[in-house]
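Visitor: Listed below are the residues making up each chain.
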Amino acid sequence: MTEVTTSELRPPAEVRYAAELDALARADQASGAPVPPGWQLSARAVRAFVVGDAGLGVTRKFYGDDPLVDRAIVSLLGRQGLMLVGEPGTAKSMLSELLAAAISGTSNLTIQGSAGTTEDHVRYSWNYALLIAEGPTQRALVPSPVYQAMARGAIARFEEITRCPAEIQDTLVSILSEKQIMIPEFGDEARLAARPGFNVIATANLRDRGVHEMSAALKRRFNFETVRPISDRAFEAELIGRALDAELGPQRPQLSPPVLDVLVTAFADLRTGRTDTGTPVKRPDAVMSTAEAVNVAVAASMAARYLGDGTVRAGDIARQIVGVAQKGEEEDARLVRHYVDNVVRQRARGSSPWREFFDAAEGLWG
Amino acid sequence: MAEPVETELVETPLGETSVDLVETPSGEPNPPVELVETPPRLAHALAALTRWRDRGVHFVGIRHHSPGCAAALAALLDEVRPAVVLIEGPREYDRLLPALADARTVPPVAVLSVGERQSAFYPLADFSPEWVALRWGMAAGATVRFFDASYSDDPDADEVRTLQAEHHLARSELIAAVAAALGCRDHDEVWEHLFEVRGPEALADWRTFFADTLAWAGLARLDADRALLDGDGTHAREAVMASVLQQYRDEPGGVVVVTGAFHTLALIEVLDGAPEAAWVRAHKSAAHQLDREAWLIRYDFDRLDGLRGYGAGMPSPGFWQRAWLARAAGASPRDFAVEVVLDVAARLRGAGEPIGSASVMDAAGQAVRLAELRARSWPGRTDITDALVSCFVKDDSGLSGAIGEALREVFGGPTLGELPDGLAAPPLVAEARRIATKLRFVITDATPRAVSLDTQRKPAHRRRREFLARMRFVGSGFARQTGGADLVQGLGAGLLFEDWEYAWTPLVEANLIAASAKGATLAELVRTGVARRLGRDDTSAASVASLITELIVMGEPDALAPALAALRQCYDDEAHLGSVVASLHALAGLLADQGRLALGEHLVTVRQLIASGLAAAAGLVPPLTGLRADDQAKACDDLIALRSLLVRFEDSSVERADRPSVEPPSVELVETGVSTSATSEVSTGATSEVSTGSTSEVSTRSTTEPVRRELRRLRRDPALPARLHGCLLGLAFSDAELDPDELAGAAAAHLAPGADADRVAGFLLGLLQAAPDLLLHTPELVAALNAALAAMEAEAFLAVLPDLRRAFTWLKPSETSRLAGQLAELTGARASDLDAVLSIDPAVAEQAAALERELTGSLVRDGLAAWLAS
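These protein sequence lines map, in sequence, to chains A and B. Everything in the first sequence is counted per the UniProt record's numbering, starting at 1 for the first residue and increasing by one. Everything in the second sequence is counted per the UniProt record's numbering, starting at 1 for the first residue and increasing by one.
Just to be clear, a hint being listed does not mean it is correct.
As the list claims (entries may be wrong) - Straight-line Cα separation of at most 25 Å, BS3-like style, residue types lysine-lysine; simulated pairs: (1) Lys458(B) to Lys438(B); (2) Lys219(A) to Lys394(B); (3) Lys179(A) to Lys219(A); (4) Lys394(B) to Lys179(A); (5) Lys812(B) to Lys634(B).
Unchecked claim - Computed footprint of chain B on chain A; a stretch qualifies when at least three of its residues, placed anywhere within it, have a C-beta under 8 Å from a C-beta of chain B: (6) 36 to 47; (7) 79 to 88; (8) 220 to 234.
Honestly, the hints are just simulated from the structure, not real lab data. Note that the Cβ used here is the ideal one computed from N, Cα and C, for glycine as well.
For reference, chain A alone in the conformation it holds in the complex (with noise of 0.2 Å):
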C-alpha cells in the first residue's frame, strides 16, 4: 500500500493507491494493451487493481469472488449500468470505488443516495443568485456528479440507489438509455451528451428496511451482481487481522488465533443460521457482515488497551458482538441469548476462550 501523507480522514481509492495505478497505466503502456474509449487502464489492468497483481506491485484489495471482477468490469464496458447488490458489509462500495478510481481515476462524482435525493442531484441545478443576475447560463448551471461524469467521459457512482424513491431513481431511466441530459433553459434541443467512458455503478441493498423497490425500467438498465458474504471461516479471520492491521497499526493488542476464532465463527454462525456442525442457529435481523465483525475485533482492541491489559480476550469479543446484536429490536438479543445459552454453553466446555466468551455474555443479562 502506498503511503501518503494527507490529513483526510479517509482519502479516496485514486489518491491511496496512485502509485499502483500509475505502475499499471506504465504497465498498459509498455505491452500496448489495448484501453477502451474514454477508460485510464486497460480492462485487464482494472481487474489486476482489483484483485491483484504481485509482478507490478498491485496489492488485493477485493476477496472472494474474482469472477465477479471480471463480471463487472465487462459490464462496465457495455451499454447497461451495474448494480452492485448484496447483504450489507460486503464491500460493495468498496469495490464501487476501486473500479470507479481504476476507470475513470477519480472515484468522487459520487451520489449519496437517501430519502432526501431529489432529481436535481442526479441532473442538474442552478446557483440562484447567479440565475438571477445572468439568466440560464452555463456559469449558472450547477451539474451533478452524473452530469460531470457524462461530460468528462466517467464513471458516475450511485450509492444506496435503494434508498431513494422509485421516482427519483427513474431520473436515470432515460439519462443510462440516451445517454443524454436535455437542458430545456438553454435553448431548443440544448443537451448534454455523455462522452465515451461514461457509465454508472449503482449500489443496492433490497433487503434493509425501509429501501425502495426498483422500477422494471431502471433494473432493465442495469447488470445485476450480488456481492455475497466470504464463507471461508479461516480466510474471514485472515481478512480480519489484515483490517485491524490497518486500522490499528502493527503495535494492536495482540489478538490471538484463538479469540479470532471466536469471533469468526460467532459471526457465521449468526450470520448463516448454522454452526460448521451443522447445527441451525436462529439468525438475528442484524447485519453480522464481516465489515461488522472488524468493527467488532477494533473495539474488544480499544477496550483490552485502554481497559484492560492490552491482550484482547473472548469476553471482550463477547461483550461487542452483544452490542452488534441489540442494536435491533428485543428479538435479536433474544436470538443471540439463545445462541449463547445453548451453543456457546456447550463449547464452553471444552475450550476456554468460548468459556470466557460465555461468562462475559451471561453477565451481560445479569
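With the hints as your guide, set chain B onto chain A.
Guide: This is chain B only, laid out in the frame that chain A set:
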C-alpha cells in the same frame, strides 16, 4: 502460495510450467509447494513424450468428453495415420466395435458393463476423444483395441457408476492452487481456461496440446497418494494397459494411445522402465475376462453431465456439443455465443420471463468480452454462464432462479442417442422398445411424461396401462403410477382415470439389460418374478392376492395360474384372519373393477377363490376367543375389515336379488359364457361391458352366511374377551342384527355395577372401535355405562383410565361434545361445567388426590364417615 509464481503460471506455456515437486510419500502431508523449475519427473516424461513420438508411439492424454482434446486428436490422426489405435476402455468392448462403427449409431450412447452386483457406464458423445479415435480407426482400417482391464465390480462404488471417473483431478491440491492463482472457480474452469478455449490453430497444434495435457495431469499425478492409487486399482489397470501397449509399441505405421491424461505419465514411465513405475510393474497383469457382458445402450446428456449424479468427464455436455458443432461449422465466437444465449433465452421466454432481443445481444457481447478479458480465444462455459447471470438476472438470486433451470436444460438435455435396430442389444430391450413404440409411448428422449388413461372405457388405454404395469413389475424403472384409480394399492376406487408417469432413461435400458440374465422376454421376466415372489418365506394370503392383482393389472393371465394355486394353498394354511380378509378385499376389488381389467377365464377361478377364502375366514373366527390381550386390538381391526368385506359382497348380491336369472347360489356354477373368449384384449373389452358391476354373483348370502354364523357364535361365547365382545356387539348392531334393547341387555353384563374394571374398559374399546356413534344413539347404553363407571373403585378407575380415554378417541370432537351433553343431563350437571378447563399441574392434582384419600381414610377410621355424605 507465493504470489510471483502465480503470474508465472499464467504466462508460461504449460509444457514449460515451472513446478518443483516431489511425489508425496503416502501418509505424509504435502510438502510446501515451491514453483521454481519443472519437477524432474515431469521433465523426463515430457522429453520421453517427444522421444516416443519420434519412434511412432503417440501418447494422447485426454479429458473425457473434451471437445478440445477431440479436435486435437482428430488433427493428430489425420496427420499421423497410425496403424494401431489403443483406447482406454475394458478389453471386452472390442467385440462392440462393429456396432460402434455402424453409421446408424449416433451418440450420446454408452457401453454398459454388467457385473455381479453393479453395472457401469462408459458413455460416448460426438465430442468424446474416444469416439473420434474409434470412428477414425474403424474408417481408416486401422487396428482399434480397447486395452484397459476387464470390468469388475467396485465394492466401494455406488450401485451404478461410470468407468471414466476423474476424481483424481478434482482432488488434486496442486490443481486447486493453480485454480486460485488463475482466478478460476475449480479444476473444471482451469481445464477450460487452459485447453478448451484455445483457437482453432492452437487446437490443430496437437504436439503442443498433448504435451500440455500431460503436464497438466502430471500436476495431479505428482501430488496423488500412491497407496490410494494402489488401493483403488489405478495401478493394476495401468499394468494391464502397459502390457498391451508393449505388444504394439513396435508396430510399423505407428500407434496412438488414447487414455485419460492422468494415466499418460505412468504409461510412459512403464515403457521407459523408469524407477517411478515400480508401483505399476508390481501388479501382475490381471486375467482378462473377454466374455464379460457389455452392451451398447442409448444415453443422454443429463446423465453425461459430470456435475450431476455419477457422470464423469467435462460438465455441461449440452454446451460442449454446441461448441463442437459450431467450431466444426467454422462459426465465429460471437455467433456461437449468440446461439447459446438464444437457446437459453427461448427457454426463459417459455417459462414466462420477458427477454428482449437487445438483452440477447448484450449477453452475447458480454460473453465475448469476458472471454477477451480472460484471454480466451473462444467463450467458454463459465464466460457464457457469467454473461447470462449478469444480463438476465435482475436481483440477487444468481443461478438459483429460472435461469438456473434454463441452463440445466440447455447444458444437459434428455435427448437420447440412436442405435441400429437389433444390434448388440439384448432381445429384452428390443422387445420393450418395440411394444413401447407400438403403444405410442415417446422413447426418443428421457423426459418424464405423464399420461392419464381411461382404462374403464378404452381398450387401447388398457393395453398401455398393462405395459406400464409390466415394466414396473420387472423393475425397469420406466413407469410408476402417480394417482387415479390404483388397483394394486387399493386406492382411488370409483375414479375413472389412471394417472401414470414414464420416462425412457438410459437407466431403463441398463435395468433391462441387467434383468436379461433372469429372463429373455418380458413374459419370462414376469414369470420368474412371480416365482421369486411366491418362493419367499413370508408369503401370506394378502401378499399373494396383491401379486395376483398386479398380474391382472399387467394383463398377464398366463402367469396367473401359479399365483392362484398358491393362494388356494394359502387359504388352507393361513393362520391369520387379517391376511385372509386383506386378500379377499383385493379379490373383491378385482371383481368390482373388471371393467378395466382382462380377467378372462380366470374370473371363475377368482370367484372360487373368494368362496374358499370366505370359508377359510369362517374357520379362523372361532379361535379368536382364546386371544391374549396383546393381540386383541389387531383382532378387532380384522373383525371390522371382515365385516366390511361381508357388507361389500352382500350389498352387490342384494342388488342382484331382483334378478334371479343371474343369481347363482354357489361357486360351483361355471359361467362358460364369460370364460370362453376373454383372453384377447378386444374380446375383453366386450366382455367387460357385460360383466361390469357384477362384483360377485357368486357371493350371495349363502357364501357369506358361514362367516356370519361363526361371528354370531363367537359373540355368544361366554369366554370371549370383553374387547372382542364389544366389537362384535357393535358390528352386529350396525348390521341391524340386534335391536337397542338387546344391545343394552348384552352390555349390561359387562357394565353391571361391581363389574371388573378391565372388562369395562375392554368392552368399551371394542364397542367404540366397531361403532363409534353407537353411544350417541343408544341412551340406554350411556346410562349403563355411567352407572358402571360411577360404581368403580377409585384405584380401579385410575388403572383403566388410559384405556377409557383411548376408547373415546374413536368419537369425533363434535360427537364427544354431544355425548358430554347427554352425560350432563344424566348427572344433573350443566354441560358448560363439563367444558370448564382446569389448568392444574398433574403432579399437584396427584398430591391433592392422595391427600383427599388419606383424609377420607382417617375420617372413616375415626367413625366419622357420615361427614363424607356430601
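Visitor: Hint by hint, which ones does this structure get wrong, listed from lowest number up?
Guide: none
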